[in-house]
Amino acid sequence: MTLNEVPVGKSVQVEKINCQGALKRRIMDMGITKGVKIYVRKIAPFGDPMELTVRGYELSIRKADAANILVADVAGSSC
Amino acid sequence: MGYSIALAGNPNCGKTTLFNSLTGSKQYVGNWPGVTVEKKSGDIKGTDDELVDLPGIYSLSPYSLDEVVARDYLLNGHPDTIIDIVDATNIERNLYLTTQLTELGIPVVIALNMMDLFEKSGDKLDIKKLEVLTGCPVVPVSALKNSNVDALIRVALDAAKTGGFKPLFHYSGLLQKTIDKVGALLLRDGIITENASWFAIKVMERDGRVLKKLDIPNETMGHIESITQDLERRLDDDSESIITDARYQFVTDIVDKAVIKAPDSMTMSDKIDRIVTNRWLALPIFALIMWGVYYVAVSTVGSYATTWITDVFFGQIVSGNLTAWMEAHGTAEWLISLVNDGIIGGVGSVLGFVPQIMILFCFISFLEDCGYMARVAFIMDRLFRRFGLSGKSFIPMLIGTGCSVPAIMSSRTIEDIEDRRMTIMLTPFIPCSAKLPIFAMIAGAFFPTQTWVAPSMYFVGIGMVILSGIILKKFPFFAGVPAPFVMELPKYHMPSFRSIALHVWDRSKAFIIKAGTVIFIGCTIIWFLENLNWQMAFVEPAESILASIGGFIAPLFLPLGFGNWQSTVAVLSGILAKENVVATFGILYGVADATENTGAVASQISQLFTPVGAYAFMVFNLLASPCVASIATMYRELGGWKWTLRAIGFQTGMAYLMAFLVNQIGSALFYDQGTVTAVVIAVVLAALLLWLLISDYHGGKTNLTYKETDL
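Residue numbers (this note's numbering), protein chains in the order written: chain A, 54 to 132; chain B, 29 to 739.
Treat the hints as calculated values from the structure; they're not laboratory data. Please note: incorrect hints may appear among the correct ones.
[What the hints assert, rightly or not] On the chain A side, residues computed to face chain B include the following (Cβ under 10 Å): (1) V61; (2) K63; (3) G74; (4) I80; (5) I85; (6) A97; (7) G100; (8) D101.
[What the hints assert, rightly or not] Listed next, the stretches of chain A that the computed footprint assigns to chain B, with coverage defined by at least 3 CB atoms under 8 Å from CB atoms of chain B: (9) 89-96; (10) 112-121.
Bear in mind that the values here come from a model prediction, so they are computed numbers and not experimental data. Quick reminder that beta carbons are idealized off the backbone N, C-alpha and C, glycines included.
Excised from the complex, chain B in its bound form (with noise of 0.2 Å):
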């Protein structure tokens, strides 16, 4: 086993990139503050050594994940030397992480990034003094072009071998003396046996992280207490602050001894900025964009490909093909029925998106890693933040009207996890595609003159988001941490095609393993229980499993207007992919092809509902727990089971809720029918609702209160 070592740095200071040149490994590069999530590490090339990645982080406090994860790493996995990525063009901000860096007793080398960007601008740099001021070695590299990473990779070994450190920075003369004095105290009192200055400060700075795990005596903690009140006295500031400070001084004194800066002109980046976030040109370059996006990816180029997948591929060469081998080979029907209908009809359904996962991711990489991203966020914010989300929320939420499946996978561009989650949760709300012939074929049959019924299912996915939004924030899981919208908007730059190439690869890779698998497990046992009946013989799905389990359950829809056993049945075959809706409508009442031919299912099932309960089933298929393929997305994106049924019972209950309303509601105004009971219910929950949306509640917590982060 060789060494280890770990690489920090800013985020977008080209941290990624650098790994993957160091390692040769397939990683993910993005240029959004904090996309590197989890560890990941590789074998630096023709090497045993280690190198792990850190996430991308501004400082070492105890507030953010990616910071906490980044020096619980630093402190208890004991790498051997840290690469600091430093971006020259940047180099004051990324320092001040190097000042924290170097305290905790580890060799750092500092890897010097983005020189040639640094050198067109104009400002030169004193390589051998940054040396000599910060104590480090100091190597120049260009992680975009590969080039002195092998002189980097000899410098981090040799420094490791070497081991020890001390570094160089010192604060101004009260501060250190405190240190100094709280660092001994702890020695003396056998709380610490190294690293005295880094826990002094985090002592000092009264980290809770850090106090929990020192455990330190009440009258050890007393006397540190009052010699960092008096500093905080003398110097008017928490101590917190004052040592953010005197970091932030050492390093302008630096910059100002090795750096000599050119006047100011306007870049590139500056240039593209002055246009993309203009005040008036914002938003229409920002529609024209999404709807760029939207077109491509959705509605022409990506939906002939999933068209031609399903329809030509899956449905008529696997699915021909394998049937004429099964047969020649004298396969029992039934097993040619479970591969075509079950498996390849709902596993090819599914693959089907890949075309289209693959154009949106290509178009979303490209987006994030040039910087676009960012000022998406930048642009959206104050529209979205009015109902809980961020400005993040927003690219999901579009891309969510085409299939939810890759909406919830891009709310990863997201960093704060609440937001996330709330994304997540809600954007199976927006009407997708694979529900809008649910919709046509009910507007079709009960509204065939009021063109508005169909796309009213729009307004009201977009109603639910943000009535969900405002309602959400009010309990106690999302009320708790607002993350402070304090964001870097990174430059403008062109990305390589090799990142977004792996980019999309790993996308597209994880959606075909991961949404696979379930996909093909849940088909399996659907077409089982639609099939067979509880002797286990082959019936017609009218007498299957399937359909005794809808008469059972019917009951339950009785108060939205559907409790019929058909319905019910459409309903949960809609779980594996939301086209069976109508699909089984069609198999029911013997009418093949029901997606395009929806007018001979629409006179039979106009007997089933009246249309305020018509309209009901709509509003219930529109918000209820969503696809198989949505649902192994979210199991994903929201890292397990927990928040996965938390996510599927919010979506169904409020579906439940609305359709309750509406039937109740709506029947008692236009038919004069339903229970007094029932229409009171419906009242005294609507007026709940109305009263969760403007109520000043928040989940007993204040909603400004920032704290550390929970691990």
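Okay, chain A solo, but in the shape it has when bound (with noise of 0.2 Å):
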């Protein structure tokens, strides 16, 4: 599955980011690198975009940017 489809509350551990260039430069500078794990802390009022913590710290990502992110469940197993 992608980051965007993650349901608030879960955790997710990063198998692959999907863009290139600049989007995917700054989401791995920002963090989000392969085998990292993630929390989706909340979704804002609007529905978008989600704030995720990643190494410790807050992040907000638009879901759109998210989608380009597929994750897995931390216990290993894709989905």
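Quick one: dock chain against chain with the hints and give me the complex.
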């Protein structure tokens, strides 16, 4: 599944980042790299963007951008 | 001349506060990612060594303006040492930047900030181990409490004296081998002489700026490209991601060894955020805060202070005493009028906004410093993105209902340059308090029973912001590079009084000086135009240069329904200050105090327009070029005439277009007048607007191209 589909309150693990160029670099620069754990903290009142906890800090990202991030359950089983 | 030291670090790591402690100079402190855009420097306390404050950055990628500014300075400015501020409470992401800084061949000293907060959370950090693992001296400091800053200066200067630096940072086997190979190639062919691994990495990342600078011959480049592609094939990713991944792996490794994490617990910041950005409470809380800011700054305290300064201080005390003094000394009557009506009237009414600005910036800098502004963007982004703006555009628009000047200034909190430009261009569409008397006068004269007319201006203004936002995004100026909205939500914290005071003072001073000088000249010029004729003799306003210019320009406004010289002069005088539009009618019809006594003027002006023409007149005044104070502020915030003129041109063009549509279509509908040609033109223009609004045209570019930044 992709990050934008993860329900609030769930933790996932990053498998792959599908976009290219500046967006990919920006996402990775902020610490979203392969294998990192992401906790989906909340969704903004209007339904977008989403707030994540990554590497111990809070990050907000638009769902459209989060759709490029492939994630799996923390246990490791892909879905 | 002493050493030159660069201060680098992530946004929100306390960098600007530390800069203040190290130099003692005045500086702006914010909590918004990327607040420090310009390069700032100062002498380190008690030495002649220079400290350069770099923009707050997360990385040295070529994609953000701030990052390009920072790395250009680090590479070409040849600082002797880099002080890298690392926020201990956010150590992983902060050390990621450290891995890039240490590659530049410049000694790096780590200033470990916010250790007190870090220890409060129960986590433990082994500083000695961190020094060994990073290869950099580590000095724990507290920027806020100003502790251990002297030790940091000492260590940094020692590092500068010693010079030279070998990072301990190594990548895993295959990647490091590839980097070494590429570096050796670059050295062998004489393309570079130093910093081999940094250049090798940049070339492998295909960093456009570096490739352009190095100008590598085709043969070498082909060789490097095949080596890089081999690596990419084997690791199944692009080189840039492979390297970013490796850096974070290195950092994770350091943190695993040097930091002992306490079990997670709710911090104060988490608790605040749970309420403030709560799904149901977020919007009510937001509305309450905005209402509070607006209520205090614009409608109550600020407005009393402004009225007092304009009417009592400048109107009675300064003007009264000065007039008495000038009369006693036999000053010519025209000069008294110039000083009173021209300069004090104009400059005074602008300086009257200073208390509003100060109160407003007190609130804004508090909200910014404490971390709430980032949440505003988070909450409002979805709504504003629909019409091409960002979540951060809300605040300027709200403040714009009071005055465009502080509104335009508050747009600084928007980090993306295109969003900021667009916000600055569109904010003046919101009816400011000075435009209200125009609507009151016209509505009173032409629409005494239709109470919806005056408030409808707010809807026209908001509608135009939305319409323009959607349309402008389709032009190449704005369609180019949408910034990815990947934004840190910094931890809440209590800002220091000092940083807020500095911020408010900086903004107010800039307003008084910059806007003041332009207004002073503008007022003087307009006063002369209004009181002199072409023979340079003093005359009544009706025979003045301004009136003759008005008469000359008037035909231009004929299609809009107000092609007479009186309204033309009123519109022109509105450029000085929008209050003047009503005041000008007062002068022209000899009604004193026209702003308050609108009835007498109303009966006169009802001869000038048809009701439709009068509505068009309101629309034109609402949207056209703002007053000189706003123009001066736009000039300052847009950084030059190019964008200022574009903005004024766009605003006035839109005003003309809208007033034209109102008058032509309105006249045809209600009075059965107007030529067929004009109506056809109006309908075609309206259709064109509609087409621009709904079409998928994106200025020849697709909407989702992120590219390297143009500096």
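Evaluation of the provided hints:
The criterion of a C-beta within 10 Å of any C-beta in chain B is met by A/V61, whose closest approach is roughly 9 Å, and the hint holds. Hint status for A/K63: violated, given a least beta-carbon distance of 16 Å to chain B, over 10 Å. Taking 10 Å as the C-beta contact cut-off toward chain B, the hint placing A/G74 at the interface holds, the least distance being around 5 Å. Nearest Cβ of chain B to the Cβ of A/I80: about 6 Å, under the 10 Å cut. The hint holds.
With a cut of 10 Å, the hint placing A/I85 at the interface with chain B holds, because the nearest CB-to-CB distance is about 9 Å. Because the closest C-beta pair between A/A97 and chain B is about 5 Å apart, less than 10 Å, the hint holds. For A/G100, the shortest C-beta to C-beta distance to chain B is roughly 6 Å, which falls under 10 Å, so the interface hint holds. Hint on A/D101 holds. Least Cβ distance to chain B is approximately 4 Å, under the 10 Å limit.
Under the rule that three or more residues need a Cβ within less than 8 Å of chain B, the assignment of the segment 89-96 of chain A holds, with 3 such residues. Residue count for the segment 112-121 of chain A with a Cβ under 8 Å from a Cβ of chain B: 5. That meets the three needed, and the coverage hint holds.
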